[in-house]
Amino acid sequence: MAPNLDTNPVAAKRAKLAVPDEAAAQPAREELWRSNLRNDASLSEVTRPEWWWTGKKPQDSPGYIKEAGYLSSLPLPNLKTTTREQALQYFDNTWSITETLFSALVGEEPFYRPPYHELRHPLIFYYGHPAVLYINKLRVAGVLDKGINEYYESIFEVGVDEMSWDDLSKNDMDWPSVREVNDYRRKAYEVVKNLIQTHPSLDSLPVTESNSAWSIFMSFEHERIHIETSSVLMRELPEHLVRKPADWPPYHPSAVAWTGAAGAESSNPPPAGSAARNVLQEVAAGDVLIGKPRAWPSFGWDNEYGERKIHVRQFQASKHLVSNGEYHAFVKAGGYATERFWSEAGWRWRTFRNSKWPTFWVKDGPEGLHKYKLRLQFDVVDMAWDLPVDVNYHEGKAFCAWKSEQEGVPIGTYRLLSEAEHHRIRDTANMAEGRVVHDPVMALTGAAFKAPGSTVNTNFAFGSQHAVDALPAAANGFHDVMGSVWQWCEDFFAALPGFKVHPFYDDFSTPCFDGQHNVIMGGSWASSGQLASLFARYHFRPHFFQHAGFRMVKSTHQPILTSMDAPPPPPPPRGGG
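Here UniProt numbering is used: position 100 in the sequence shown is 100, and no number is missing along the way.
These aren't lab readings, by the way, just hints derived from the structure by calculation.
Note that the structure is predicted; figures quoted are calculated from it, not measured.
The reader is advised that the hints may include incorrect statements.
[What the hints assert, rightly or not] Lysine-lysine pairs mimicking DSBU-like chemistry, simulated, CA-CA at most 35 Å apart: (1) Lys500 / Lys80; (2) Lys332 / Lys356; (3) Lys371 / Lys244; (4) Lys356 / Lys309; (5) Lys373 / Lys80; (6) Lys80 / Lys146; (7) Lys332 / Lys363; (8) Lys309 / Lys363; (9) Lys332 / Lys554; (10) Lys309 / Lys146; (11) Lys356 / Lys373; (12) Lys309 / Lys554; (13) Lys309 / Lys500.
[Stated by the list, open to error] Across the chosen pairs, the derived CB separations fall in these ranges: (14) Leu369 / Glu50: 25 to 33 Å; (15) Pro200 / His311: 43 to 51 Å; (16) Thr81 / Pro200: 14 to 22 Å; (17) Ala285 / Ala333: 53 to 61 Å; (18) Ser42 / Glu407: 34 to 42 Å; (19) Ile65 / Lys309: 38 to 46 Å; (20) Val256 / Thr338: 26 to 34 Å; (21) Ser177 / Glu85: 33 to 41 Å; (22) Ser204 / Glu157: 29 to 37 Å; (23) Val380 / Glu31: 24 to 32 Å; (24) Pro238 / Ser177: 19 to 27 Å; (25) Ile65 / Lys500: 37 to 45 Å.
Note that the Cβ used here is the ideal one computed from N, Cα and C, for glycine as well.
Please model the entire structure based on the sequences and the hints provided.
And the structure:
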């Protein structure tokens, strides 16, 4: 049946812009999304207007560091002791971080421009999505009786992850204006604030996963996921479409103060940098217990629960994360053009994207010179060679294959960490008998993570990753096992024995137990709350980018992965599809 062009404005617009050849398709698509622009000049101003802030302004928000002049994160709530006031403070902190981040967008264009890779919705979706999820999931849990706007609670409900059911046609749709979504956010903020102040589910502690109040804390942590993933989408935008907000955490000094030798060019790596210092350290064999105890007093996603004991054989791991300088040698040696270093899937991705260097490197001259600058969150700066390189899983694996060949050992000798090996190299102060016994993010603000002597850059202590040797090593000699950038793992994302789907968000984890998502561990500078927890288990498709890098492992054996002999996903609910 032909679409009704009178009642379906998107179909009508597509029909009008239909073109017969591929050459004209891209301009036509651009006209589609540009038709959402309303010429709201206030969004181009250096300072956001009063109407922008739907909750507390950053300067008035809990977590604002007055002496430093920026907004950071509060600790992850302890659900045995948290009060209504503490829950409200955490909500305000979360909400204000979101609005501060989105205040970085200059004009309307970055809200509506689809990502270059077409793997996500435009940012207008992620501006509205967290607010909608509060309303929808609180209704699922029985905490709210009704929604605010049925249409918004449909179009802003479901994101995309290259699943068969994804609706990427929404990238070309007629979106609400920024002010209209802002108005929805304002209403949602008041609903959630009132609920935190009055709902009887918060009268008794602890809040557990069987309590309807669990949905409140779940919604906080969902919003924090999208703070981080939205920051990556903004990092991928053209530089002129973003501006660092005044109240955003500062870049780590090592990201912007290049310290190369006198007379050297910042676009070339120094002859002796972090690459020369990235030695391998022996890690003794031992057991780890992966899984969060159900009685642990903080929110967790369903995939964290259950338990798996793994005996980890002896291995070697690099003292540091792999740096930009270290990775440059692979790029300059033609690693991106050498198929034997890449898996079949990795080579398909590389050739499809025609990738020749890491995504956040910015070419600084003709390609053959191999000179680069670096895109940080909002700015292009002189290359910081000692920062950890941001890559996807395929790029990390290709580097390890090249490294094996360079050292004359079989390809596969160097590889990425496994999830269990990541547990083995963690700071022993937080572990006992292979299990997490202390989770620092439950006690420390971002400001505390920034304090002298801290070994972890997370919870918005800073606004970027830092040089791989900028912070002290943990007692075991490893740097940055947690924070700075996520670390790609060999494991596919899989359930732990004892896994149970949580009914408040029944499709959070299970669709990704598909052998097409790899585990990432450790969190990043932009991880906060549960994302920065030692129990966090996250995952992305291997060709996706996050604030993620890798650490090398050298071994003569294949590791035991959490995806080996993992329990299958549970069957769909009765009557489900």
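The hints, checked one at a time:
no.: 1; hint: Lys500 / Lys80; result: holds, 22 Å
no.: 2; hint: Lys332 / Lys356; result: holds, 10 Å
no.: 3; hint: Lys371 / Lys244; result: holds, 25 Å
no.: 4; hint: Lys356 / Lys309; result: violated, 40 Å
no.: 5; hint: Lys373 / Lys80; result: violated, 47 Å
no.: 6; hint: Lys80 / Lys146; result: holds, 29 Å
no.: 7; hint: Lys332 / Lys363; result: holds, 13 Å
no.: 8; hint: Lys309 / Lys363; result: violated, 46 Å
no.: 9; hint: Lys332 / Lys554; result: holds, 23 Å
no.: 10; hint: Lys309 / Lys146; result: violated, 44 Å
no.: 11; hint: Lys356 / Lys373; result: holds, 14 Å
no.: 12; hint: Lys309 / Lys554; result: holds, 22 Å
no.: 13; hint: Lys309 / Lys500; result: holds, 18 Å
no.: 14; hint: Leu369 / Glu50: 25 to 33 Å; result: violated, 48 Å
no.: 15; hint: Pro200 / His311: 43 to 51 Å; result: holds, 47 Å
no.: 16; hint: Thr81 / Pro200: 14 to 22 Å; result: holds, 19 Å
no.: 17; hint: Ala285 / Ala333: 53 to 61 Å; result: violated, 34 Å
no.: 18; hint: Ser42 / Glu407: 34 to 42 Å; result: violated, 57 Å
no.: 19; hint: Ile65 / Lys309: 38 to 46 Å; result: holds, 41 Å
no.: 20; hint: Val256 / Thr338: 26 to 34 Å; result: holds, 33 Å
no.: 21; hint: Ser177 / Glu85: 33 to 41 Å; result: holds, 35 Å
no.: 22; hint: Ser204 / Glu157: 29 to 37 Å; result: holds, 31 Å
no.: 23; hint: Val380 / Glu31: 24 to 32 Å; result: holds, 28 Å
no.: 24; hint: Pro238 / Ser177: 19 to 27 Å; result: holds, 22 Å
no.: 25; hint: Ile65 / Lys500: 37 to 45 Å; result: holds, 39 Å
The earlier numbered hints that this structure contradicts are 4, 5, 8, 10, 14, 17, 18.
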